[in-house]
Each structure stands twice: as structure tokens, then as C-alpha cells.
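Quick note, the sequences are listed as chains L and G, same order.
The C-terminal position of the first sequence is numbered 566 in our numbering, with every residue numbered one higher than the one before it.
The C-terminal position of the second sequence is numbered 566 in our numbering, with every residue numbered one higher than the one before it.
Please keep in mind that the hints were generated in silico from the structure rather than gathered at the bench.
One should not assume that every hint holds.
Repeated chains share a single entry, so a pair holds when one copy, or any two copies, can fit it.
The calculated lysine-lysine pairs, modelled on BS3-like cross-linking and capped at a C-alpha distance of 27 Å, are [said to hold, decoys possible]: (1) LYS466 - LYS485; (2) LYS537 - LYS319; (3) LYS374 - LYS402; (4) LYS527 - LYS451; (5) LYS314 - LYS537; (6) LYS365 - LYS402.
Computed from a predicted structure; not experimentally measured.
Protein chains: 2
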Amino acid sequence: MLALTILGNNSAIPAWDRNPTAHILQSLDECYLIDCGEGTQIQMTRYKIRRSKINHIFISHLHGDHYFGLIGLLTSMSLLSRTQDLHLHAPAALEQIIKLQFTVADVKLSYQLFFHPITEDGIIVNDSKIIVESFKVKHRIECWGFLFREKKNPRKIDSARVRLYEIPKSFYEQLQKGEDYVTKKGTIIPNEEVTIEGIKPKSYAYCADTIYDETLVEKIKSVDLLYHETTYLKALHLRAAERFHSTTVQAASIAKKGGVKKLLIGHFSSKYEILDEFLAEASEVFENTELALQGVSYRI
Amino acid sequence: MLALTILGNNSAIPAWDRNPTAHILQSLDECYLIDCGEGTQIQMTRYKIRRSKINHIFISHLHGDHYFGLIGLLTSMSLLSRTQDLHLHAPAALEQIIKLQFTVADVKLSYQLFFHPITEDGIIVNDSKIIVESFKVKHRIECWGFLFREKKNPRKIDSARVRLYEIPKSFYEQLQKGEDYVTKKGTIIPNEEVTIEGIKPKSYAYCADTIYDETLVEKIKSVDLLYHETTYLKALHLRAAERFHSTTVQAASIAKKGGVKKLLIGHFSSKYEILDEFLAEASEVFENTELALQGVSYRI
Chain L
267 MLALTILGNN SAIPAWDRNP TAHILQSLDE CYLIDCGEGT QIQMTRYKIR RSKINHIFIS
327 HLHGDHYFGL IGLLTSMSLL SRTQDLHLHA PAALEQIIKL QFTVADVKLS YQLFFHPITE
387 DGIIVNDSKI IVESFKVKHR IECWGFLFRE KKNPRKIDSA RVRLYEIPKS FYEQLQKGED
447 YVTKKGTIIP NEEVTIEGIK PKSYAYCADT IYDETLVEKI KSVDLLYHET TYLKALHLRA
507 AERFHSTTVQ AASIAKKGGV KKLLIGHFSS KYEILDEFLA EASEVFENTE LALQGVSYRI
Chain G
267 MLALTILGNN SAIPAWDRNP TAHILQSLDE CYLIDCGEGT QIQMTRYKIR RSKINHIFIS
327 HLHGDHYFGL IGLLTSMSLL SRTQDLHLHA PAALEQIIKL QFTVADVKLS YQLFFHPITE
387 DGIIVNDSKI IVESFKVKHR IECWGFLFRE KKNPRKIDSA RVRLYEIPKS FYEQLQKGED
447 YVTKKGTIIP NEEVTIEGIK PKSYAYCADT IYDETLVEKI KSVDLLYHET TYLKALHLRA
507 AERFHSTTVQ AASIAKKGGV KKLLIGHFSS KYEILDEFLA EASEVFENTE LALQGVSYRI
């Protein structure tokens, strides 16, 4: 089970009480931060996301509205005496920016910060329950999308049937992994007899900032939730292309071609105060679309 | 006439809806930004301070809670197509931090940014109506306080008396500067006969982050408004000294010894949710004290 919470849904300049991009993806065990625009740590306080829960941060690219809040967050974590490791996945140049700022302030972090430069498409995190992959997207500067896929969930034990076969509790963990049980007399109890399938693993694709690009379709194919930026309404498709951004209709086309379950749109230009048209335009092409709204959690 | 608006009054970690330090000092002509913690541009929007009004920014030191909001503000100014020059006065190391971030994002500013490293005590801005001086304060890293002094205001014209002496309007500007008028017949009309003194020039001293330091007394002597940090209540004076910060009683002592008109206290530690005690403790030593509260403008 995954849930995505939006901390910021605006592009470039903060406006209309909308902050720059930051997403929190939560599983039962982990809490991932994806991009970190200015004010993200303040939004985290507002929406009750504890800084200490985050062990991995992913930065898509080095335009300020996607990372200017990072240095403040890293600093606060240290001031709060964090001790557990923190892993930062980002374009290589970010490392020097962070180091320089810590050096001039004479900061010695209370925790270990591991910097993992993203250099190619592929797996960047392989946790016990989630795999995270990076994939290149087309923007004005180097930019990465992220695909989060839950690993297979444990099978559920059918409590009536394990009692029937008198399977000891000590074997339950193996049952959850799909193993068959062998009785003392050598009889094999097939796993399917005493368990049912676990919850279907969920997936989330984050396309960062991108021009309309059909090569994305393969990368986000069939995900449960796709986030795709919609900086502009469809009328401004020329401006979108010029600035390597996307429109409502373009995001929805990618969702449709990719056969995803649901589309979330955001990174709205400060030009727009009211967002209704974004939803209307995208839904016309791909019905199951929602606006990425700050403070809202979307269950995946 | 000067007015000071507080955009952030918290120290280190944003908490209790309190942002890190940023002050806006406004005269009739100018709008100065003093320090720029994370989220300052968002606070500016909230409190209706237009980014375009600011031509000078002063950064006291390179602890993040005093400058992490700067890069976002500079970026937004460019995205908003600013064209007028911007002057940034700060410790020298900030220049490289800014340049590096603009380089990786491939940013070309729409305006000229002039970086003025602060290297010693003395005048750093000499505008038509205001003089700004920097003075060193004692903190863990290089840190500067700022003294803003209005120049002499123009004398006010006594409309009844200028009519009586038939002084032409074209000479009014010279009268305001204090010049005597000479009639066609060669009679001297002394300036004091037809003008009255202008509004008394005002002054504001900003002491940034500092340990208790009596050498400040000379620097802030008799100012109309003194801002002095009070990170801690008096009970924590040892911790304050250890971290090169000040307490309520210490700030009030500096105000008292300096004979200032009014004291404003801020930079409150996130330890404290309620601020009543800050005011109570400081007022006991120096009566005319106020808390620096966000969104409030203090007339000087």
C-alpha cells in the first residue's frame, strides 16, 4: 500500500498559496521525499510529515523550484540531532552546492549523508519492499523521473485452514513467502491450500518536468498512479514546447497511451489562479485524472 | 520616516508558524531587505511586499536561517523579468554559492546583480536619503550588524510666510535645503523666517546574531529602533553564551546602556511556543520593548 501527499504543486514562482514541487510517498515502512522546493520543510510541519521519517530524498533536476528547500531541510535534520543515515539521490552537481553551504556555515552534520549521483536509467534503491528506478526525461537541463514499485506483498494466511492442518505458528512467515508445509508424516500441504494472495503491489511514476515525450509511455506503462506535470493549459502548447514543459492534454495523452490506472497533474504555472480548467482539459482525454492539491494524500 | 516589517522571527528551525529571519525596512523611497531566511519570498507575498520594490539586500551572515531564501528570491525576480539593478551586500563567500547555483540551472538573470562583499565596519550604502553602515558583531562565524540612518530631511516651507515675502515657487527647493532668499532689491530673507525644521531623521540598528557584547553599545547609541536578537530566556544564559546568542535580559541591557528609544526582540528559539516571557523579561530591564511579530509593521 502506498500513499502520496502533495506538499507543493506550483511551478517556478510560489503564488496563490501554492508552493513549489515536493511529494511525499509513504509505504508502511518508508517515507520518500521527491523533490524539495523552497518551503518544503515548512509544508512538512503543516501537514504533519515528520522529518525523521525520511531516509531517502530524490531530486529530479537542479532548477530551483525543485531543490531550493533541500539545504534548509538537511540543516534542520542536523539541528534536531538526527542520527540515522540519509540517502540523497540527485544530479551530481548538487553535491558541491550542499558541501559549499555547509563549509561556509561551519556545519558538521549530526548524521551521515550519503550522496548518490544519478547517472543513468536503472535501479537506484532496492529496499526490502520497494524498488526505485530513475529514468531520463527531456527538460532544459539534465532531469530524471522516478518509478517506485512495491515488491510482491506477503501472502495472507487463511486462519481457519492453517488450524485445520495444524500448522505451527513458527511456520507462518514461510507460508507468507509462499512455501509449502510438510507435515511430520511427510504429507505436503500446498501453500495455496492455506494462504490467499497478498495485496497487489502498487506502483507510482513521477515524471518531473518534461516536454511532451512519447518515449515516456514505455517507462510508465500500467502504473497505478502517474504524476505528470501540466505547467500550461492546452492553448499554450507552443510555449510549453519552447520551455520543455507539458500541457494538460499532453499529460493525459501519455497517461492514456501508457494505460495507467490514474493520473495526477501539477506544477501549475503562476499565471493561473483557478485550476478548474486543468482538470477539465485533462479529464476529457483521460478520465481518471485528479489535480495534485497541497496537503491532500492520494491513496495508491 | 521609516517603517520596519517583520517577515520572520524564529531562529534556526522554522516552527510554530514562525519563519526564519527577514526584515523589510521601508522609507518613502526605498525598501531594504535585511536577511532572507527560507520562505522569505512567500512571506513577502503574504504581507504584500512587492519583490520589485527592493533594490538592496543585506545578509548578516551565512547561517542558513539568514540566507537560504535568497537564491529563490533572486531567481523569482528574474522569472518576473526584473530589469533594474539589484545590490547584494553580504559576506564574500555568498557570491560563489549563488554563482554555482545559477550555473548548474543554466540561469541568465534578467537584471544586473551587483555583489558587494562586506569586509569592514563602515558605510556600505550612501543613498540620497539614507546611509547604511555595517558593523561587526560577535557570532560563531563572520557576522555583520547594520545601521540605517536617514539623512537630514528637507525643511518645511511655511506657506503663509513665503507668500508674505513673495518668494517664487521656483526657489522652494532651495528653501527646503536651507538656503536664504535674496530679493531683487538685494534684501536677504533668512531661511528660518520662511521655513520650519523638517522631520527629525530616524535610525534603525539591526544587530543580527550576537553574543552579549557591550562593545555594541557605542555602535547603536541613541537609535530610534534597535533590533537585538533574544534566542533564549534569561535562564538559559549559559547556553546562549555557548552558542554565541543572547537572552532577553542581555538584549535589554544593550538597549538601556545605548539609550535607544525602542527595542525590538526576535530570533526566538523553536524551544518556545509562547513568547510572553520574552516580553516580560526584557521589559523589566528596558521598558519600551516589543516582540518582533510576523506581518507587523513597526513605525520608526
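Hint check results:
Taking the shortest alpha-carbon separations for LYS466 and LYS485, only the intra-copy value of 20 Å comes in at or below 27 Å, while the best inter-copy value is 69 Å. In the homo-oligomer, the alpha carbons of LYS537 and LYS319 lie at most 27 Å apart only across protomers (21 Å), although the nearest pairing inside one protomer, at 35 Å, exceeds that limit. When the C-alpha separation of LYS374 and LYS402 is checked against a cutoff of 27 Å, the pair qualifies only between copies, where the shortest distance is 24 Å, while the shortest distance within a copy is 33 Å. In the homo-oligomer, the alpha carbons of LYS527 and LYS451 never lie at most 27 Å apart, since the shortest distance is 48 Å inside one protomer and 94 Å across protomers.
In this assembly of identical chains, LYS314 and LYS537 lie within 27 Å of each other by CA distance solely across copies; the values are 18 Å between and 29 Å within a copy. In this assembly of identical chains, LYS365 and LYS402 lie within 27 Å of each other by CA distance both inside one copy and across copies; the values are 25 Å within and 26 Å between.
Checked against the numbered hints above, the structure breaks only hint 4 and satisfies the rest.
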